[in-house]
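> As they're listed, the protein sequences go chains A and B. According to my numbering, the residues represented by the first sequence are 1 to 287, in order. According to my numbering, the residues represented by the second sequence are 288 to 633, in order.
Just so you know, these hints were derived from the structure itself, not from any lab. Computed from a prediction, not measured in an experiment: that's the story for all the values here. Incorrect hints may appear among the rest.
[As the list claims (entries may be wrong)] Part of the chain A face toward chain B, derived, beta carbon under 8 Å:
1) Leu-96
2) Gly-180
3) Glu-184
4) Leu-185
5) Glu-187
6) Ala-188
7) Trp-190
8) Thr-191
9) Leu-192
10) Gly-193
11) Leu-207
[Claimed, not checked] With a cut-off of at most 30 Å between alpha-carbon atoms, the simulated BS3-like pairs for lysine-lysine come out as follows:
12) Lys-391/B with Lys-202/A
13) Lys-390/B with Lys-202/A
14) Lys-294/B with Lys-391/B
15) Lys-202/A with Lys-415/B
16) Lys-202/A with Lys-120/A
Using N, Cα and C, we set each Cβ at its ideal position, and we do this for glycine too.
As a plain string of letters, each chain reads:
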Amino acid sequence: MTGTHMSAIAEAPAAAATADARKAGDWLLVATAILLCVWVLLPIYLLIVNALSSPQEVTAFPKRFFPSFDIGSLTFFINFAGVARALWNSVLVATLTMILSIGFGAPAGYALSRFDFPGKETFRFLVLMTRAFPLPLLALPLAVMFIRTGLDDTAIGLALVHTTLALPFAVLITFSLFSGIPVELEEAAWTLGCTRWQAFRKVILPLALPGIAASAVFAFTISWNEVFAAAVLTIENRTLTAFLLQSLGESPLYLKFAGGAALVVPALIFIFAVRKYLFAMWGIANR
Amino acid sequence: MAEIAIKGVAKRFGGFTALHQVDLTIADQEFMVLLGASGCGKTTLLRIVAGLETPSQGEMWIGGRRVDHLPPRDRGIAMVFQNYAVFPHLTVFENIAFGLRMKKLPQQEVERRVNRTAELMHIEQLLKRYSGQLSGGQRQRVAVARALAMEPDVILMDEPLSNLDALLRLEMRAELKGVLAASKTTTIYVTHDQVEAMSLADRIAVMHQGRIVQAASPVEVYRNPAARFVGSFIGNPPMNFLPAAKAANGSWSVAGLTLPGPKSDRQAIEFAIRPEDVEAGEAGLPAIVRVIEPLGPHTLVTCDVEGGLFRAVLESSATVAVGDRLRLAPKPERIRWFDPETTHAI
Ligand SMILES: Nc1ncnc2c1ncn2[C@@H]1O[C@H](COP(=O)(O)OP(=O)(O)OP(=O)(O)O)[C@@H](O)[C@H]1O
Ligand SMILES: [Mg+2]
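Looking at chain A on its own, in the form it has when it is part of the complex:
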């Protein structure tokens, strides 16, 4: 008797408390979202404002809220000796990295998702473990080996190193991608007259393509942003990151901003271009 009373009384404040908690939760969510947006967008905003300002404005104070759209800094940067070449090297290395990591990563991901073999779990673990080796530790022996084999200072040599960085992600992303596509679709294709390869090409590939494109872009971006190996392993054929690290250390502020923008903007555009595929990837995973 008293028990039911007690619980009835206790319920009302409890309900109010959960409503309060939910409200607080909503606020927390909104605040976190805003904070994260600022965290990401503010540096990009500052970078772009400064890159689009004239050299004088960059060092001036107070700052303008809108850039003056003066391309002085940018033209200076583009015409700066070696920039065009470094840009080309970056694109080349990143493209090679992309091709290599998808070329090796996607088949590995497919095999992991479709076949059972002894040591499969260990293999998956090892794939991740490769990320545990700090690159600086490997850099010196790698440089020695590259010089011996003649791979030093070449785009393909650097792309190989970048591929080792990007490959684990390519394997794991494509693994989850292929795992998300029901085996029955593939088996249905076999019973309808396909060989294994035809079934892959006609059924699995079209479904996985968005995700593969996304992980390709991801590999591209990893290479595009990588600086350490690029700085150690190249001398003449520097990529943009290595070039900026080397030559802009002592250069004026406006040149750094222009260089930073030149690095960030392509990466942003790439991600923006494949955003649809990135969402599509989640769509497949959720279905």
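Based on these hints, arrange chain B with the ligands on the given structure of chain A.
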């Protein structure tokens, strides 16, 4: 002509034996239903026939050809998967046309066949849609149409109606039966729904724990279960079982009633009778009524007989009340006997 012969097929997954020595022959154009509880190996057997799974031992023959080493596409089969497996990136038309295009049929023939099977399955108006825009029942029809369009010798279906609502299932069941009879294919149809099995099958193969316990016509399986499991699995409500002790040679004592039965060396065997094969009367098995369920045409009465559960289907005109003591007389020609050790019928 596609007769299927499964000869001594066994399948092991690691240490687990999913199929023990399965032997089954399915005649040309026969409709064979594999029936069994969940996990008894129905899908595994079907996949072995399709070539999606390799048997650990045994032989597979289709149409007089040994097919063990052949990939699915060379076996002359088409399969309808339990989860439909309709390709999401293709329209319904292209789904149905998929296998025909693989055969490199001319466009005209592809269109003719797609339209014909679509008409057969009543999905003509859906041809331009994608699978995401279809209901479960429609997807089901697409999967069946895709298999039929191949005009295969053998069609394999894995619980194709399991995800449909009761009404649609009833409708599709009748349609499938008509369509498949007309298409002259040999069919293996997997289900765990006994009503579906009874209504569709030429023959039912009842599976239990990786073995085929009985393969016979629906009536035979119902009337003369080859093993205790078949009697308890088929029929709703299932068969009643009571212990029988030897009274004399060829005569057995069941719940105090002495009945003529088989001659056996055993001292105790099992008596079995279907619930609808007993009549309430003056003499018979002594029963105390526990639960009464009026079902319209009949009344299902659950009783205690010798401390065990016993179900009887009585005329709805019979007036019984909970606690009543009844005498349930089994129809002599419907009594079955089972060996309690081998569980086989005697
Ligand atoms: N790839 C596999 N690895 C290990 N065990 C498996 C595998 N496939 C099936 N099994 C086991 O084999 C047994 C039979 O499985 P199967 O899928 O044939 O059952 P089923 O009769 O089709 O059941 P359901 O009616 O639930 O579909 C089950 O116990 C299952 O766990
Ligand atoms: Mg199954």
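> Do the alpha carbons of Lys-390/B and Lys-202/A lie within 30 Å of each other, as the hint requires?
Holds - the C-alpha atoms of Lys-202/A and Lys-390/B are around 14 Å apart, at most 30 Å.
> Does Lys-202/A pair with Lys-120/A here, judged by a C-alpha cut-off of 30 Å?
Roughly 27 Å separates the two Cα atoms, so the pair holds.
> Is the interface hint satisfied for Thr-191/A? The criterion is a beta-carbon contact with chain B at less than 8 Å.
It holds, given that the least Cβ distance between Thr-191/A and chain B is near 5 Å, below 8 Å.
> Does the nearest C-beta of chain B fall within a distance shorter than 8 Å of the C-beta of Leu-96/A?
Violated, about 30 Å.
> Can you verify the interface hint for Gly-180/A: is its Cβ closer than 8 Å to any Cβ in chain B?
It is violated, given that the least Cβ distance between Gly-180/A and chain B is near 12 Å, above 8 Å.
> Go through the hint on Trp-190/A and say holds or violated, using the shortest Cβ distance to chain B against 8 Å.
holds, 4 Å
> Grab the minimum C-beta distance from Leu-207/A to chain B and call the hint holds if it beats 8 Å, violated otherwise.
holds, 6 Å
> Please verify that hint: Ala-188/A, Cβ, nearest Cβ of chain B, below 8 Å or not.
holds, 4 Å
> With chain B as the partner, please determine if Glu-184/A meets the hint condition of a C-beta pair closer than 8 Å.
Holds, because the Cβ-Cβ distance from Glu-184/A to chain B comes to roughly 4 Å (cut-off 8 Å).
> Could you check if Gly-193/A really has its C-beta closer than 8 Å to a C-beta on chain B?
holds, 3 Å
> Is the interface hint for Leu-185/A satisfied, with its Cβ closer than 8 Å to some Cβ of chain B?
Where the cut-off is 8 Å and the nearest Cβ of chain B is about 5 Å from Leu-185/A, the hint holds.
> Regarding the pair Lys-294/B and Lys-391/B, is the alpha-carbon distance no greater than 30 Å?
Since the Cα atoms of Lys-294/B and Lys-391/B sit roughly 34 Å apart, the hinted pair is violated (cutoff 30 Å).
Checked against the numbered hints given earlier, the structure breaks hints 1, 2, 14 and satisfies all the rest.
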